[in-house]
Amino acid sequence: MSVDSACPAAGGPIPPGRLELADHTFHIGHLQVLDENGALIAKDAGGAPDLNPDQLIRLYRGMVLARAVDDRLLKLQRQGRIGTFAPATGQEAVSCAPVVAMRPEDWFVGSFRELGGRLLRGEPIDRSFLYYNGHEEGNTFDGGERTLPVAVIIACQMLHAVGIAYAMKLKGEDAAVVCFFGDGATSEGDFHEAMNFAAVWQAPVVFVCANNHWAISLPREKQTRSRTLAQKAIAYEMPGLQVDGNDALAVYQAVHEALARARAGGGPTFIEAVTYRLRMHTTADDPKRYRTEEEVKAWERRDPIPRLRKYLAARGVWNDEMQVNLDEEIRKEIEEAVKKFEEAEDFKPDAPFDHVFGIPHPRLEEQRADFLANLSREQGHE
Amino acid sequence: MSVDSACPAAGGPIPPGRLELADHTFHIGHLQVLDENGALIAKDAGGAPDLNPDQLIRLYRGMVLARAVDDRLLKLQRQGRIGTFAPATGQEAVSCAPVVAMRPEDWFVGSFRELGGRLLRGEPIDRSFLYYNGHEEGNTFDGGERTLPVAVIIACQMLHAVGIAYAMKLKGEDAAVVCFFGDGATSEGDFHEAMNFAAVWQAPVVFVCANNHWAISLPREKQTRSRTLAQKAIAYEMPGLQVDGNDALAVYQAVHEALARARAGGGPTFIEAVTYRLRMHTTADDPKRYRTEEEVKAWERRDPIPRLRKYLAARGVWNDEMQVNLDEEIRKEIEEAVKKFEEAEDFKPDAPFDHVFGIPHPRLEEQRADFLANLSREQGHE
Amino acid sequence: MSKLNMVQAINLALHEEMARDQNVVCLGQDIGVDGGVFRVTEGLLAKFGAERVLDTPLAESGILGSAIGMAIAGLRPVAEMQFSGFAYLMLGQLEGNAARYRARSQGRFTCPLVVRMPYGGGVRALEHHSESHEATFAHVPGVKVVMPSAPGNARALLAAAIRDPDPVVFMEPKRSYRAFREEVSDEPEVMEIGRAQVLREGSDLTVISWGAMMRPALQAVGEIEEQRGASLELIDLLTISPMDGETIAASVRKTGRCVIVQEAPFSLGPASEIIATINDKALLHLEAPVKRITGYDLTVPYFSREDMYLPSPGRVRRAIEETLDF
Amino acid sequence: MSKLNMVQAINLALHEEMARDQNVVCLGQDIGVDGGVFRVTEGLLAKFGAERVLDTPLAESGILGSAIGMAIAGLRPVAEMQFSGFAYLMLGQLEGNAARYRARSQGRFTCPLVVRMPYGGGVRALEHHSESHEATFAHVPGVKVVMPSAPGNARALLAAAIRDPDPVVFMEPKRSYRAFREEVSDEPEVMEIGRAQVLREGSDLTVISWGAMMRPALQAVGEIEEQRGASLELIDLLTISPMDGETIAASVRKTGRCVIVQEAPFSLGPASEIIATINDKALLHLEAPVKRITGYDLTVPYFSREDMYLPSPGRVRRAIEETLDF
Ligand SMILES: Cc1ncc(C[n+]2csc(CCOP(=O)(O)OP(=O)(O)O)c2C)c(N)n1
Ligand SMILES: Cc1ncc(C[n+]2csc(CCOP(=O)(O)OP(=O)(O)O)c2C)c(N)n1
Ligand SMILES: [Mg+2]
Ligand SMILES: [Mg+2]
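Chains as they are written, first to last, in the numbering used here: chain A, 167 to 548; chain B, 167 to 548; chain C, 152 to 477; chain D, 152 to 477.
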């Protein structure tokens with residue numbers, strides 16, 4: 167565990183006078199549990215989180231699966247078998263570790279780069295393929311009653327998370343919300359409104375900001391002038407800290423404690439998880455246009471997966487044979503998912519008309535009839 | 167001048183663990199020049215601002231005029247001679263002192279409770295009456311080319327201020343922007359986006375937040391959990407401080423220095439001016455529903471006008487005779503304005519059609535013709 | 152039975168629905184201690200407590216966005232926009248999420264919520280306090296738009312909106328808030344959303360309106376019937392979306408003539424959709440062009456000029472006469 | 152003359168206008184280093200520098216709101232929304248300020264700015280990347296809405312939009328970005344905003360469309376003319392607001408029949424306004440109901456189903472046939 171030194175004064179050149187008063191000082195904490203080689207650091211400051219081998223392996227497996235599915239989706243996309251997709255390679259710790267800290271009754275409110283977390287919450291792989299192939303059918307899954315679908319509008323889901331958290335509190339449920347978003351999201355008005363509402367309502371929500379250094383082509387430093395994203399929590403009198411987002415144990419520990427506090431009525435927490443997007447923004451993006459190979463290389467060395475694996479090996483709960491078996495198991499699982507995805511049944515063409523309103527209305531039914539008539543004519547044509 | 171002690175840690179109860187890291191600390195400055203009796207405090211820390219008697223009297227006169235116009239508008243409203251209006255009694259220091267710090271080439275971007283500042287920028291009183299009587303004609307004035315009209319949508323004008331400031335910077339003009347808004351505005355998404363853009367662009371803009379403790383019926387403490395509004399500047403790495411907003415000299419000094427910094431390329435500053443709205447939110451509001459007489463009384467004792475007057479008297483630039491003359495002068499000025507307002511010429515009924523687009527279009531002209539035809543028919547009818 | 156104005160009738164519905172279903176919560180600016188700037192939510196805080204009646208910070212997207220979360224989690228939030236002029240600030244959440252969760256999740260996640268907002272001109276208000284932008288909401292698939300015109304239907308439609316499984320924008324004609332009273336039943340009442348109401352039957356011409364414009368429409372209809380003994384049918388649209396095309400078409404098929412009275416700007420308002428619906432379903436019965444009396448394609452002028460912007464009974468009367476005489 | 156696709160043509164106009172007037176600045180997400188996610192702004196940063204080509208933080212209201220300030224202060228900002236689906240987030244600034252500063256200040260403060268945005272479906276994109284919501288903008292008084300359909304008019308209308316003294320929403324059919332090329336003049340070209348264009352003259356029926364739908368409309372028109380020798384008039388609307396009612400009415404007065412092809416949802420789209428305009432100005436010439444082929448009142452379905460949502464040449468063809476045979 168390490169702690170940033172207090173930040174020095176901020177702002178541009180200050181003319182002599184009393185405006186130095188505007189020159190506030192502040193201090194932001196930083197949590198790291200494993201060093202880049204997977205060794206425990208600062209044992210005296212708390213040591214490893216209280217996770218048993220099963221939990222550790224569940225977390226590790228989730229991250230390996232996430233990486234493998236990412237690889238496979240990328241291939242499927244290149245073959246034209248799915249549409250646009252946003253790889254998350256390098257960010258597996260941020261999306262998986264919180265899920266291990268969550269209980270089933272907690273809510274998962276994600277953005278669009280947390281497929282790893284979604285799979286760990288129980289989403290079948292083939293349904294995620296369906297989603298990326300343009301089917302609403304891929305957006306929910308049985309057992310996912312508290313896992314919201316992908317949110318594309320940046321930061322919008324943060325307010326839903328706050329509303330859900332408020333509802334949990336009002337209903338007296340012993341449940342909290344974990345909400346994911348990126349560094350870019352911190353610029354949106356909805357980020358601000360959600361942070362403020364959460365703090366005012368002391369809503370049981372944990373905000374996990376995956377600061378992966380880029381919002382498409384915009385580097386983190388141009389997204390906002392603040393030196394950390396965590397310091398934004400100060401604006402709302404909300405606890406906030408930075409964690410090493412490529413250190414799965416640090417992410418776990420921070421979310422675990424923040425969830426405990428939220429459930430205990432202690433309100434929201436803001437966690438800036440510092441990580442890196444190793445691949446393109448989406449399959450439609452060419453990162454060579456805006457960033458260097460060296461930068462990517464530097465971050466490859468901080469890859470969260472080998473890091474956790476080394477820790478597990480050192481703790482004696484993982485070995486090479488287990489890895490070989492896991493790789494094979496996952497390979498098979500994905501192959502089966504691809505098969506299931508490609509053999510997927512015919513989808514009801516007019517399903518969208520079923521899901522406009524819960525109560526049918528003639529105006530929509532007329533349109534459905536027109537749609538079906540056209541459909542049968544066009545199919546007759548071919 | 168006084169300085170707040172560093173704020174203690176924030177957040178709800180924290181379970182034992184490492185989340186204490188989230189428990190950031192910070193420090194926010196507070197500027198006050200005059201005590202509540204108008205005496206200079208903390209002379210050693212800088213003393214009074216460098217204002218000559220003419221400037222001091224201009225500031226004082228502006229505040230007295232603002233108060234008198236407020237009184238008169240309230241009467242006019244009660245007589246049904248104007249529409250809804252938002253009194254600013256008690257907040258004269260916040261709206262007038264910045265104008266004394268500004269140059270004509272600086273931009274004034276206000277909200278709706280800075281009539282005092284507008285008058286000091288040169289708006290004729292009778293035009294402000296026109297505005298409150300529902301005429302667009304009251305929204306601009308000759309010489310007001312850099313004074314934007316009233317902005318009703320809370321916080322929206324902050325972004326305009328940032329854009330104008332950016333334009334000044336791009337064009338290399340030696341001009342800055344002063345932007346006004348209230349405590350309630352800090353909750354809006356546009357506040358956040360404007361603060362962030364201003365900091366990222368290092369735009370020459372000074373944000374003056376009139377924290378008057380209420381947003382209609384919502385007290386400041388429920389608007390946001392943060393103990394100061396000034397600390398919100400930390401989120402953007404922007405200098406920010408609190409000033410005593412009923413201390414005209416403190417407001418002047420902070421804005422003066424912030425403008426100097428902005429013009430020098432030092433970027434934006436956030437000033438929280440702590441003040442109080444002594445009257446109703448607008449003439450449609452009944453503050454008795456949500457706040458106590460005692461609270462109002464307590465703030466009446468901190469009235470910015472007698473405070474500045476005592477300071478001027480102590481400095482020997484003001485006396486009772488001057489006050490009598492000023493009161494009479496202002497009375498006359500307002501009477502003349504009322505007269506002018508009530509004798510105002512007939513307004514072009516179809517003016518709105520002139521100001522939809524700069525280039526006429528048949529669709530609008532058809533509608534204008536219809537409008538005029540109806541007008542003449544209805545006038546014939548009566 | 153008691154005689155209530157619209158503010159009281161809406162307030163009654165809120166009380167009834169909050170008492171009926173503990174999942175109903177209200178949130179918005181100044182709706183608690185203050186009872187709302189129009190006093191529509193008066194008494195709710197005292198009765199149901201601060202956990203169910205939330206005075207929120209000043210943030211429209213925040214209000215609707217958190218209401219969406221509440222709805223997903225099983226509550227039935229009733230959000231207030233202080234004025235419809237500020238509702239654009241939450242349109243991102245409305246169109247992007249409230250309207251879409253059902254489609255996005257094929258019905259697993261839904262947003263049963265209501266966004267109440269006073270709309271419209273005629274009360275000598277400041278800028279942004281006089282708009283009538285129902286078409287903007289009504290063009291968003293997945294959102295229902297309801298506009299009551301009188302105390303009785305306001306109360307019954309608000310109850311329906313709160314019970315509806317989907318997001319409903321509920322636009323209250325502020326000009327009619329205290330303009331008149333109506334007998335309102337002591338029993339809770341619920342009307343069907345999506346159905347227009349034929350207020351008066353007639354055979355010569357159909358007048359269609361909604362919300363605050365029902366008053367000038369009614370006045371003009373009365374005057375014309377009296378003056379020329381014409382038989383006019385008057386339809387209160389009540390729901391803007393989904394629109395009740397059948398009631399409109401059935402009436403125009405019968406009368407062959409139609410005048411629409413709309414407060415919104417001329418172009419792309421509900422009147423255009425009504426005309427298009429008549430074109431689709433009743434064109435051959437038309438004996439004259441449908442006439443639309445509307446606001447103009449102007450920002451609503453400040454109140455010194457708003458009377459000449461708003462459709463007046465005179466304008467409506469002339470339109471009816473011209474259409475009858477066509 | 153060179154043959155350009157629409158991306159290149161828009162890029163050319165941006166280069167030309169930035170070179171012509173140093174007050175023109177561009178701002179938006181990823182428009183600088185990245186050249187825009189569709190490469191529309193490629194090369195601008197290198198040519199005009201980071202002070203005039205701004206990669207902004209991720210905030211739509213921030214982009215438009217600051218552009219408004221820039222415009223007031225004498226710049227000519229061209230703001231990009233990365234996708235029109237996110238444009239709702241800036242509608243508060245558009246309706247509340249860009250559209251109103253002129254009216255509010257009786258012409259003293261104006262907002263000469265352009266908001267460019269790719270819109271529409273057909274590119275197998277994620278949610279919120281396929282909408283066609285021009286009617287929402289077009290219902291805002293004080294805002295112009297322009298929708299080019301081809302490289303040439305895109306280039307000339309964008310130049311006009313940048314020179315226009317008022318806010319213009321410029322909606323680019325992303326589906327047509329690279330779909331085809333056109334000869335484009337080497338000299339800067341400017342077209343008039345607010346005028347529809349008669350692309351083909353004909354006497355039997357008028358087809359009206361705009362933006363991406365011009366392609367299926369054109370295809371259907373070609374097929375019908377070939378198959379049945381009918382004489383069809385084809386109108387490219389180009390400007391949605393203010394709408395060119397005269398060109399529409401003149402054509403329908405001549406042909407008596409009309410089919411409208413619109414990508415937007417059925418209810419309250421531009422097609423409804425066109426029908427209302429025909430009702431106002433040409434009803435007596437109609438020999439058949441006007442037919443509108445549109446999207447449905449659905450959230451645009453995910454791309455696996457979007458083809459059946461989007462008007463196809465087949466749907467247009469059948470509508471033309473039915474209307475001719477009516
Ligand atoms: C409101 C909104 N504006 C723009 C976009 C287009 N867009 C998609 S992802 C993205 C960048 C997001 O950056 P960040 O929040 O850091 O998340 P990351 O992609 O790095 O995971 C943008 C601009 C969007 N989806 N939503
Ligand atoms: C976006 C928006 N929402 C709501 C309102 C209605 N309203 C007008 S003033 C006000 C309170 C403003 O509070 P504050 O910012 O503290 O300014 P003050 O009135 O205290 O000067 C509200 C809610 C508005 N004008 N704009
Ligand atoms: Mg990022
Ligand atoms: Mg206030």
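Calculated from the structure, these hints are not laboratory results. Just so we're clear, the structure is a prediction, and the values are computed from it rather than from any experiment. Think of the CB as a built atom: it goes at the ideal place given N, C-alpha and C, for glycine as much as any other residue. A few of these clues could be false.
Stated by the list, open to error - SDA-like cross-link-like pairs, simulated, lysine to any residue; straight-line CA separation at most 25 Å: (1) B:K241 - B:H527; (2) C:K198 - B:R457; (3) B:K454 - C:L434; (4) A:K463 - D:V184; (5) B:K335 - D:A439; (6) A:K514 - C:S256; (7) A:K454 - D:R259; (8) D:K154 - D:A439; (9) A:K388 - B:K514; (10) A:K505 - C:K405; (11) A:K514 - D:A197; (12) B:K514 - C:G465; (13) B:K335 - D:V184; (14) A:K514 - D:E202; (15) B:K335 - A:G288; (16) B:K337 - D:K198; (17) B:K337 - D:R259; (18) B:K514 - C:L434; (19) A:K506 - C:G465; (20) A:K454 - D:E202; (21) D:K432 - B:A539; (22) A:K454 - D:A197; (23) D:K405 - B:I496; (24) B:K454 - C:S256; (25) B:K514 - C:M459; (26) A:K388 - D:G194; (27) C:K405 - D:A439; (28) A:K454 - D:K154; (29) D:K405 - C:G194; (30) A:K454 - D:A201.
Stated by the list, open to error - Here are some of the chain C residues that sit facing chain D, going by a computed Cβ distance under 8 Å: (31) G243; (32) H279; (33) V349; (34) L350.
Said to hold, decoys possible - Output of the computed footprint for chain C on chain A, the stretches with three or more beta carbons under 8 Å from beta carbons of chain C: (35) 299–308; (36) 318–330; (37) 491–500; (38) 514–528.
* Asked: When the hints from earlier in the document are held up against this structure, which numbers fail?
  -> As far as the earlier hints go, 1, 3, 5, 7, 8, 9, 10, 11, 14, 15, 18, 19, 23, 24, 28, 29, 33, 34 and 37 are violated by this structure, in ascending order.
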